[in-house]
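**Q** Okay, here's what each chain looks like letter by letter:
Number of protein chains: 2
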Amino acid sequence: MRNTARWAAALGLTAAAVCGPLTGAAVAAPGAAPSSLYAPSALVLTTGHGSDAATATPERAVTLSCAPAASGTHPAAAQACAELRGAGGDFDALKPADGVMCTKVYDPVVVTVQGVWQGKRVAYERTFGNACMKQVLGGSVFEF
Amino acid sequence: MRNTARWAAALGLTAAAVCGPLTGAAVAAPGAAPSSLYAPSALVLTTGHGSDAATATPERAVTLSCAPAASGTHPAAAQACAELRGAGGDFDALKPADGVMCTKVYDPVVVTVQGVWQGKRVAYERTFGNACMKQVLGGSVFEF
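Protein chains in written order, with full-length UniProt numbering: chain A, 1 to 144; chain B, 1 to 144.
Keep in mind that the hints are not guaranteed to be accurate.
As the list claims (entries may be wrong) - The following residues of chain B were derived to be distant from chain A, with all beta-carbon distances above 12 Å: (1) Ser51; (2) His74; (3) Ala87; (4) Asp92; (5) Ala93; (6) Leu94; (7) Lys95; (8) Pro96; (9) Met101; (10) Asp107; (11) Val122; (12) Thr127; (13) Phe128; (14) Cys132.
Claimed, not checked - Pairs of lysine-lysine residues, derived as DSS-like cross-links and limited to a Cα-Cα distance of at most 25 Å, are as follows: (15) A:Lys120 / B:Lys95; (16) A:Lys134 / A:Lys95; (17) A:Lys120 / A:Lys95; (18) B:Lys95 / B:Lys134; (19) B:Lys120 / A:Lys134; (20) B:Lys95 / B:Lys120.
What the hints assert, rightly or not - Restraint ranges, calculated between C-beta atoms of paired labels, are given here: (21) B:Ala97 / A:Met101: 49 to 57 Å; (22) A:Cys102 / B:Ala97: 48 to 56 Å; (23) B:Gly119 / A:Ala131: 14 to 22 Å; (24) B:Thr55 / A:Thr103: 44 to 52 Å; (25) A:Gly99 / B:His49: 29 to 37 Å; (26) A:Val105 / B:Asp98: 25 to 33 Å; (27) B:Lys120 / A:Lys104: 27 to 35 Å; (28) B:Met101 / A:Gln118: 34 to 42 Å; (29) A:Ala93 / B:Tyr38: 54 to 62 Å; (30) B:Tyr106 / A:Asp52: 36 to 44 Å; (31) A:Thr103 / B:Ser51: 48 to 56 Å; (32) A:Asp92 / B:Cys102: 39 to 47 Å; (33) B:Ala131 / A:Gly99: 48 to 56 Å; (34) A:Val105 / B:Thr57: 12 to 20 Å.
These are computed hints drawn from the structure, not numbers from a lab.
Predicted model only: the values in this text are computed from it and were never measured.
Beta carbons: idealized from backbone N, C-alpha and C, even for Gly.
Okay, chain A solo, but in the shape it has when bound (with noise of 0.2 Å):
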């Protein structure tokens, strides 16, 4: 129940924080306090054609924070934060999408992602053979 309130209010900011900076105290004062009350989590994931970051084009950029609420332009925030805690933030870790099929057809997408996750700096690459495993393999992650 907690969950849901928290993850409708995840939304609801997501939302909010596209018309301005957050205002308030501490508790209501997400866009500065955070980095004191929680060890800062946000992220900028890409991705591009290509078999590495550094001659693939990024053709999608998107950012995700999960502290203190999901947030960002990933798509599924508030669920790539779930997958990503669910993996002690190890992007080598995410869940697999349940059955789903990908041909083995060679088209390369590299995903990076950057930033900081918990206080800690995270400098990620990974090469998939193709878009759909890299949406399999990357759960709802590495759907964007």
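Position chain B against the provided structure of chain A, taking the given hints into account.
**A** Same frame as chain A, now just chain B:
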């Protein structure tokens, strides 16, 4: 007018996307579409005490997205995006704040910026003599 509608649709879909994976063609999946309509601009900025990012713990980390609209956990996203656009995306060319004096006490603060600005990867790091100099020289962009 079309942009406003698209923006509203994207917001709505951000919420909708939490409920399930996006399906359909490019135009029908605005969760995914913005990046094909706009060159993506999604950044994560960190700051910490120390003379370089390799050794400084990131004390704060915020996300900043500037297209299609300014958003993110950055406390002044709209202003930061405007200043960045004014500097042509060059973090060394940000306009310093006027009329602020800083001491020269050396208590270094390092700022990093990673992600994508108008479709190009950004990997920026800059060390300031102290926190005051960071805010003066970086304007709103580094004020988080």
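**Q** If a hint holds in the structure, say so; if it does not, say that too.
**A** Taking the hints in turn, this is what the structure says about them:
1. At roughly 16 Å from the closest C-beta of chain A, the C-beta of B:Ser51 stays outside 12 Å, upholding its exclusion from the interface.
2. Not every CB of chain A is more than 12 Å from the CB of B:His74 (nearest about 8 Å), against its label as outside the interface.
3. Distance check for B:Ala87 against chain A: the nearest CB is about 19 Å away, which clears 12 Å, and the non-interface claim stands.
4. Consistency note on B:Asp92: stated as away from chain A, and its beta-carbon is indeed over 12 Å from all of that chain's, at 20 Å minimum.
5. Under the 12 Å C-beta cut-off, the non-interface status given to B:Ala93 relative to chain A holds; the minimum distance is some 21 Å.
6. For B:Leu94, the condition that its CB be more than 12 Å from all CB atoms of chain A holds, with the nearest at approximately 19 Å.
7. With a least CB separation of 20 Å from chain A, B:Lys95 remains clear of the 12 Å interface cut-off, as annotated.
8. Chain A leaves B:Pro96 outside its interface by the beta-carbon criterion, the shortest separation being 21 Å against a cut-off of 12 Å.
9. Listed as outside the interface, B:Met101 is consistent with that label: its C-beta sits roughly 23 Å from the nearest C-beta of chain A, beyond the 12 Å cut-off.
10. Every CB of chain A is more than 12 Å from the CB of B:Asp107 (nearest about 18 Å), matching its label as outside the interface.
11. Not every C-beta of chain A lies more than 12 Å from that of B:Val122, the closest at about 9 Å, which undercuts listing it as non-interface.
12. At the 12 Å boundary, the C-beta of B:Thr127 stays outside the reach of chain A, the nearest C-beta of that chain being 16 Å off.
13. Its beta-carbon lying about 17 Å from the closest one in chain A, B:Phe128 satisfies the requirement of being farther than 12 Å from that chain.
14. No beta-carbon of chain A comes within 12 Å of the beta-carbon of B:Cys132; the shortest separation is about 17 Å.
15. Restraint check for A:Lys120 and B:Lys95: the C-alpha separation of about 30 Å exceeds 25 Å, so the hint is violated.
16. Annotation: proposed proximity of A:Lys134 to A:Lys95 holds, straight-line Cα distance about 12 Å (limit 25 Å).
17. Distance restraint check for A:Lys120 and A:Lys95: the Cα-Cα separation of roughly 21 Å lies within the 25 Å cut-off, and the hinted pair is therefore satisfied.
18. About 12 Å separates the Cα atoms of B:Lys95 and B:Lys134, which keeps this hinted pair within 25 Å; it holds.
19. Of the supplied pair hints, the one linking B:Lys120 and A:Lys134 holds, its CA atoms being roughly 22 Å apart against a limit of 25 Å.
20. Using a Cα cut-off of 25 Å, the hinted pair B:Lys95 and B:Lys120 holds, with the two alpha carbons roughly 21 Å apart.
21. For B:Ala97 paired with A:Met101, a C-beta distance near 56 Å keeps the hint of 49 to 57 Å intact.
22. For the pair A:Cys102 and B:Ala97, the supplied restraint of 48 to 56 Å holds, since their beta-carbon distance comes to about 51 Å.
23. For the pair B:Gly119 and A:Ala131, the beta carbons lie near 19 Å from each other, so the given range of 14 to 22 Å is met.
24. For B:Thr55 and A:Thr103, the hinted distance range of 44 to 52 Å is satisfied, since their beta carbons lie about 45 Å from each other.
25. Evaluation of the 29 to 37 Å hint for A:Gly99 and B:His49 yields a failure: the beta carbon distance comes to about 48 Å.
26. Taking 25 to 33 Å as the suggested C-beta distance range, the pair A:Val105 and B:Asp98 does not conform, at roughly 57 Å.
27. Evaluation of the 27 to 35 Å hint for B:Lys120 and A:Lys104 yields a pass: the beta carbon distance comes to about 32 Å.
28. Checked against the given bound of 34 to 42 Å, the beta carbons of B:Met101 and A:Gln118, roughly 37 Å apart, stay inside it.
29. Evaluation of the 54 to 62 Å hint for A:Ala93 and B:Tyr38 yields a failure: the beta carbon distance comes to about 32 Å.
30. In this structure, B:Tyr106 and A:Asp52 meet the distance hint of 36 to 44 Å, their C-beta atoms being roughly 39 Å apart.
31. Taking the beta carbon of each, A:Thr103 and B:Ser51 are about 50 Å apart, inside 48 to 56 Å as hinted.
32. With their beta carbons about 43 Å apart, A:Asp92 and B:Cys102 fall inside the hinted range of 39 to 47 Å.
33. Between B:Ala131 and A:Gly99 the CB atoms are about 51 Å apart, so this pair conforms to the stated range of 48 to 56 Å.
34. The hint said 12 to 20 Å for the Cβ distance between A:Val105 and B:Thr57, and at roughly 43 Å that hint is violated.
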